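Participant: Got chain A; can you put chain B on it based on the hints?
2 protein chains.
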Amino acid sequence: MPPGNTIGMTTTSGPSAEIDIRALTAPAAKVEAYLDQFLDSRALPSNLREAIKYAALAPGKRMRPLLVIYACQAVGGTAEQAMPPAAAIEMIHAFSLVHDDLPAMDDDDLRRGRPTLHKKTNEAMAILAGDALMGLAFELLTTSIEDAPLSRAIIAELAAGTNDMVAGQVYDTLPDFDESVEPLDRLRAIHRHKTGALMRASCRMGAMMGLADDAQLDAITTYGDAIGLMFQVVDDVLDVTQTTEHLGKTAGKDVDQDKLTYPAVIGLDASRAEIERLTKLAHDSIRPMGDAARPLHDLCDFLSVRTK
Amino acid sequence: MPPGNTIGMTTTSGPSAEIDIRALTAPAAKVEAYLDQFLDSRALPSNLREAIKYAALAPGKRMRPLLVIYACQAVGGTAEQAMPPAAAIEMIHAFSLVHDDLPAMDDDDLRRGRPTLHKKTNEAMAILAGDALMGLAFELLTTSIEDAPLSRAIIAELAAGTNDMVAGQVYDTLPDFDESVEPLDRLRAIHRHKTGALMRASCRMGAMMGLADDAQLDAITTYGDAIGLMFQVVDDVLDVTQTTEHLGKTAGKDVDQDKLTYPAVIGLDASRAEIERLTKLAHDSIRPMGDAARPLHDLCDFLSVRTK
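In order, the protein sequences belong to chains A and B. Numbering-wise (our numbering), the first sequence opens with residue 1 and increments by one. Numbering-wise (our numbering), the second sequence opens with residue 309 and increments by one.
One chain only, chain A, in its complex shape (with noise of 0.2 Å):
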């Protein structure tokens, strides 16, 4: 194995544990040659589909993608099976980052070390190519899922996600909370709807696509939302301690908008210690199933002492 591809690490759940990063996130390409294949496809306006190319296959971690892939894989089903909601759930996580990004919101010019997409076409290209990548995703549910009664199961769900996603941008960039909601009450509600939304909803149509019993699905989605809010945990906490060359995007934009995030909440200590807390609890949540959910379990890991 060529070294820089596993991380030594202790967690609460048992001794030093090699993960090997490349194996852990070599799923990621069959997602990334599933989804060009469908947006090449698609009937489109030659620069529309550049441009959803553009935002929604550049580098990144695909962790959504791994976290629905592993899910089916944990209750018993197959990579093929989850790659469907796989590519949808990363064509509604491109939307929200290229939406997310506009003058009118974050105002960022840099995303995973490259120009955003409203900095590399125009702000219209950007609106409407977001818009593009949310109708697609729910359009290749409906075409690629045989079974009708899951296919709808499946599009409720990433339904949600979206709209709980959406929601969690306007907590966060337009706060409109009761005077008698605490800080830290409000920094959890958005940041599970923001962030968690989305990964809870990856979890969950990763087992229903692996035909998960109810006992998994609960477990699931403990673990989805536990890894949630421990992988917004841990973005607050590099946006201080990190620097943008390394982050591949704006570091220190937290407080230089002097926005809520858990360092300035609770302190770095204090979020290193949830960060740990989330991480067991995903930990122990998947335990029961075993061998079967290594993968969720290593890739908890991974997100937990993630650099960038």
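Everything labelled a hint here was simulated from the structure, so no lab data went into it. Take these hints with a grain of salt, some might be off.
[As the list claims (entries may be wrong)] Here are the simulated lysine-lysine pairs, DSBU-like style, with alpha carbons at most 35 Å apart:
#, chain 1, residue 1, chain 2, residue 2
1, A, 120, B, 369
2, A, 119, B, 588
3, A, 280, A, 61
4, B, 428, A, 120
5, A, 120, B, 616
6, B, 361, A, 120
7, A, 259, B, 369
8, A, 53, B, 616
9, A, 259, B, 616
10, A, 120, B, 427
11, A, 61, A, 30
12, B, 338, A, 119
13, B, 361, A, 53
14, A, 61, A, 120
15, B, 361, A, 259
16, A, 259, A, 119
17, B, 616, B, 567
18, A, 119, B, 427
19, A, 53, B, 427
20, A, 308, A, 259
21, B, 369, B, 427
22, B, 361, B, 427
Keep in mind it's a predicted model, so treat the numbers as computed, not measured.
Facilitator: Structure of chain B alone, referenced to chain A:
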């Protein structure tokens, strides 16, 4: 009957007829009530809900919901059956208007006689409310149609229509046509996508909810395509012949922005002849359905002679 609620007209399909506009548009109130109730039932940040309602329940003709209802009734269904797609298509229409009005797009301050959403609130809210309207439209269709295969088919129709509409916005605002494509063909491509796609989807969803057979669905599709194009030709003609005050939106914008329009490409007289041709095509397509298709017939006449 109070004066002002009827219009006299001569159509190519028969002798002069009087249309009771109030009766024809009456079912719009049912759709508004249904949509209002749905939006209240969904957990949303209060400012987002307010923005969504401002956009989706603004005074309007509700032409697409009426098409859904009347297409459903033309094939033997009821208005009640038609409510979910009627409300969903109005949300998609509202989302498209909100994003289309943004400064980076058409940059319009006035819509349906009131400030556009980004003028009433701000650009970030307009972007997010538009996103939420699209997501909520799909969510509604997953929860409100009992039969799973039908639910999926309706969602597929809405998704395809939405994506074609967004493609039409790209053709219109960021054209990327091959040099060899003639102006009239460009114009048809723009109009068929930008306006036609949702009108077509409205008609088809209505017919599908009414359990149309293949011949009925084909006829309704021909009708939808014809009135979709006709609607936009009328819009182009109104833009050059009416005042801003009368339209409730900025008149003469197409000319100011040097856009491709029917009057600009084929002249005003030929544009009016095209309206007549499409009206006849729409009427002819639904004639086999007899009296059940009378509201569709009248709606077509109403659209062809509207002055705003």
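Participant: Are the hints correct? Go through all of them and say.
Facilitator: Hints and how they fare:
no.: 1; hint: A/120 with B/369; in the structure: 38 Å, violated
no.: 2; hint: A/119 with B/588; in the structure: 47 Å, violated
no.: 3; hint: A/280 with A/61; in the structure: 22 Å, holds
no.: 4; hint: B/428 with A/120; in the structure: 30 Å, holds
no.: 5; hint: A/120 with B/616; in the structure: 38 Å, violated
no.: 6; hint: B/361 with A/120; in the structure: 33 Å, holds
no.: 7; hint: A/259 with B/369; in the structure: 42 Å, violated
no.: 8; hint: A/53 with B/616; in the structure: 39 Å, violated
no.: 9; hint: A/259 with B/616; in the structure: 45 Å, violated
no.: 10; hint: A/120 with B/427; in the structure: 27 Å, holds
no.: 11; hint: A/61 with A/30; in the structure: 13 Å, holds
no.: 12; hint: B/338 with A/119; in the structure: 44 Å, violated
no.: 13; hint: B/361 with A/53; in the structure: 33 Å, holds
no.: 14; hint: A/61 with A/120; in the structure: 21 Å, holds
no.: 15; hint: B/361 with A/259; in the structure: 28 Å, holds
no.: 16; hint: A/259 with A/119; in the structure: 24 Å, holds
no.: 17; hint: B/616 with B/567; in the structure: 19 Å, holds
no.: 18; hint: A/119 with B/427; in the structure: 24 Å, holds
no.: 19; hint: A/53 with B/427; in the structure: 32 Å, holds
no.: 20; hint: A/308 with A/259; in the structure: 19 Å, holds
no.: 21; hint: B/369 with B/427; in the structure: 22 Å, holds
no.: 22; hint: B/361 with B/427; in the structure: 15 Å, holds
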